[in-house]
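**Q** Note that the protein sequences, when read in sequence, are chains S and B.
So the first sequence is numbered by the numbering used here: it starts at 1 and just counts up by one.
So the second sequence is numbered by the numbering used here: it starts at 213 and just counts up by one.
These are computed hints drawn from the structure, not numbers from a lab.
All C-beta atoms in this analysis are idealised placements derived from N, C-alpha and C, irrespective of residue type, glycine included.
There's no promise every hint is true.
Capping the alpha-carbon separation at 16 Å, the derived lysine to aspartate or glutamate pairs in EDC-like fashion look like this [what the hints assert, rightly or not]:
#1 K179/S / D158/S
#2 K202/S / E374/B
#3 K336/B / D158/S
#4 K74/S / E5/S
#5 K382/B / D157/S
#6 K78/S / D157/S
#7 K336/B / D104/S
#8 K78/S / D158/S
#9 K391/B / D370/B
#10 K73/S / E8/S
#11 K286/B / E398/B
#12 K300/B / E283/B
#13 K285/B / E262/B
#14 K285/B / D337/B
#15 K202/S / E79/S
#16 K74/S / D157/S
#17 K179/S / D157/S
#18 K124/S / D316/B
#19 K124/S / E325/B
#20 K414/B / E27/S
#21 K170/S / E374/B
#22 K124/S / D337/B
#23 K336/B / D157/S
#24 K285/B / E217/B
Covered stretches of chain S, as calculated for chain B (at least 3 residues, CB under 8 Å) [said to hold, decoys possible]:
#25 37-44
#26 50-60
#27 79-92
#28 139-148
#29 198-207
Protein chains: 2
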Amino acid sequence: MELNERQEKILTIVKENGPITGEQIAEQLSLTRATLRPDLAILTMSGFLEARPRVGYFYVENAQKRVLNDELKKMTVKEFQSIPVVVKESSSVYDAIVTMFLEDVGTLFVVRENSILTGVLSRKDLLRASMGNQDLSQVPVNVIMTRMPNITMCGQDDALIEVANTLIQKQIDGLPVVKQVSVNGEEVFEVTGRMTKTNITKAFVSLAQENE
Amino acid sequence: MELNERQEKILTIVKENGPITGEQIAEQLSLTRATLRPDLAILTMSGFLEARPRVGYFYVENAQKRVLNDELKKMTVKEFQSIPVVVKESSSVYDAIVTMFLEDVGTLFVVRENSILTGVLSRKDLLRASMGNQDLSQVPVNVIMTRMPNITMCGQDDALIEVANTLIQKQIDGLPVVKQVSVNGEEVFEVTGRMTKTNITKAFVSLAQENE
Numbered sequence: 001m002e003l004n005e006r007q008e009k010i011l012t013i014v015k016e017n018g019p020i021t022g023e024q025i026a027e028q029l030s031l032t033r034a035t036l037r038p039d040l041a042i043l044t045m046s047g048f049l050e051a052r053p054r055v056g057y058f059y060v061e062n063a064q065k066r067v068l069n070d071e072l073k074k075m076t077v078k079e080f081q082s083i084p085v086v087v088k089e090s091s092s093v094y095d096a097i098v099t100m101f102l103e104d105v106g107t108l109f110v111v112r113e114n115s116i117l118t119g120v121l122s123r124k125d126l127l128r129a130s131m132g133n134q135d136l137s138q139v140p141v142n143v144i145m146t147r148m149p150n151i152t153m154c155g156q157d158d159a160l161i162e163v164a165n166t167l168i169q170k171q172i173d174g175l176p177v178v179k180q181v182s183v184n185g186e187e188v189f190e191v192t193g194r195m196t197k198t199n200i201t202k203a204f205v206s207l208a209q210e211n212e
Numbered sequence: 213m214e215l216n217e218r219q220e221k222i223l224t225i226v227k228e229n230g231p232i233t234g235e236q237i238a239e240q241l242s243l244t245r246a247t248l249r250p251d252l253a254i255l256t257m258s259g260f261l262e263a264r265p266r267v268g269y270f271y272v273e274n275a276q277k278r279v280l281n282d283e284l285k286k287m288t289v290k291e292f293q294s295i296p297v298v299v300k301e302s303s304s305v306y307d308a309i310v311t312m313f314l315e316d317v318g319t320l321f322v323v324r325e326n327s328i329l330t331g332v333l334s335r336k337d338l339l340r341a342s343m344g345n346q347d348l349s350q351v352p353v354n355v356i357m358t359r360m361p362n363i364t365m366c367g368q369d370d371a372l373i374e375v376a377n378t379l380i381q382k383q384i385d386g387l388p389v390v391k392q393v394s395v396n397g398e399e400v401f402e403v404t405g406r407m408t409k410t411n412i413t414k415a416f417v418s419l420a421q422e423n424e
């Protein structure tokens, strides 16, 4: 929303002097109350100012940013997730590294039958393992993976902004997108997607592209 | 910006029937033109509608998102960059991997004297090197690094959204933030920072946090 010069002046006055009456604002601008009425109406209805009877006008912090917040909350994992890349628990570290290169991903998920999540492998885990003096084709991934229940996960309906926050707070590159299922009475998680900092970066870029 | 019920109705009418005159909108709502005047003024001044003389009102796509775009364009590399982590050209691949773990970064920059950029090392480059049957402490990083002029860089005043787009388009994890300097008549780039998908993810999170 573009404010005109007079509306910007009004905002500045209210920011510095609020609560302030319409009369007082008019006085400061050497204008009549009637002249200001349309501007005050627009500023109030757009959420920049709040008017309280017998008190006056208040400045509302970050009115513009509320619009932004609304847009952000609408973005969910579902829209931005990638296809998961998985390896079996019996796979070797060597095979996992090859898979990571072939699929060009930074995070692999380790699964048992029916895509049930048992572990996660990061590029860092694999690099650490490859530094040792072991024959990587003889080491199974379940020796070096992060395993359940120590895996941070997300669901496809989670807000993207929450997932982004989790990635930052926990300092991880990617999360499995999962669906809770019951297998023989046991509650487990089926891997359905992958959310990484790359997906978040794409979402960030999309914020701008939607506007062009 | 919160629209009232009548304003939402007007938007719907203009979306479906625009260009449409104020008279025609009033007719559809069974109201007088005078009653609608304040609503039309607010919708026009807020950018939701555009009025053209003798034609009528048009709906403006994504008026709300323009606010978002304005916010995005204000975000620059400077505000969100990290400190660069560098190694010397003569460092071994082994030392580079150790540095990557100690500093917990995904991208290292290779520099000569005065922090002049000569190469970039990604986690992937190091993982690839460590898969070979070489003694990593005997291989210098300049054998495996991506070298100038094939390095994508950014400046501290670049818009974050442009950098995010570059990271996605070129499928890279991080960029050096550089400053062009002249050394003995040669135009070179001094490394001053580091921009990664982690920084972009933090910027994305900050969009929401500023609003709380």
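**Q** Each hint needs a verdict: does it hold in this structure or not?
**A** Hint by hint, here is what the structure shows:
no. : hint            : in the structure
1   : K179/S / D158/S : holds, 12 Å
2   : K202/S / E374/B : holds, 12 Å
3   : K336/B / D158/S : violated, 30 Å
4   : K74/S / E5/S    : violated, 33 Å
5   : K382/B / D157/S : violated, 29 Å
6   : K78/S / D157/S  : holds, 6 Å
7   : K336/B / D104/S : holds, 9 Å
8   : K78/S / D158/S  : holds, 8 Å
9   : K391/B / D370/B : holds, 12 Å
10  : K73/S / E8/S    : violated, 29 Å
11  : K286/B / E398/B : violated, 33 Å
12  : K300/B / E283/B : violated, 39 Å
13  : K285/B / E262/B : violated, 24 Å
14  : K285/B / D337/B : violated, 33 Å
15  : K202/S / E79/S  : holds, 11 Å
16  : K74/S / D157/S  : holds, 10 Å
17  : K179/S / D157/S : holds, 10 Å
18  : K124/S / D316/B : holds, 9 Å
19  : K124/S / E325/B : violated, 29 Å
20  : K414/B / E27/S  : violated, 45 Å
21  : K170/S / E374/B : violated, 26 Å
22  : K124/S / D337/B : holds, 12 Å
23  : K336/B / D157/S : violated, 31 Å
24  : K285/B / E217/B : violated, 32 Å
25  : 37-44           : holds (count 3)
26  : 50-60           : violated (count 0)
27  : 79-92           : violated (count 0)
28  : 139-148         : violated (count 0)
29  : 198-207         : holds (count 8)
Checked against the numbered hints given earlier, this structure breaks hints 3, 4, 5, 10, 11, 12, 13, 14, 19, 20, 21, 23, 24, 26, 27, 28; the rest are met.
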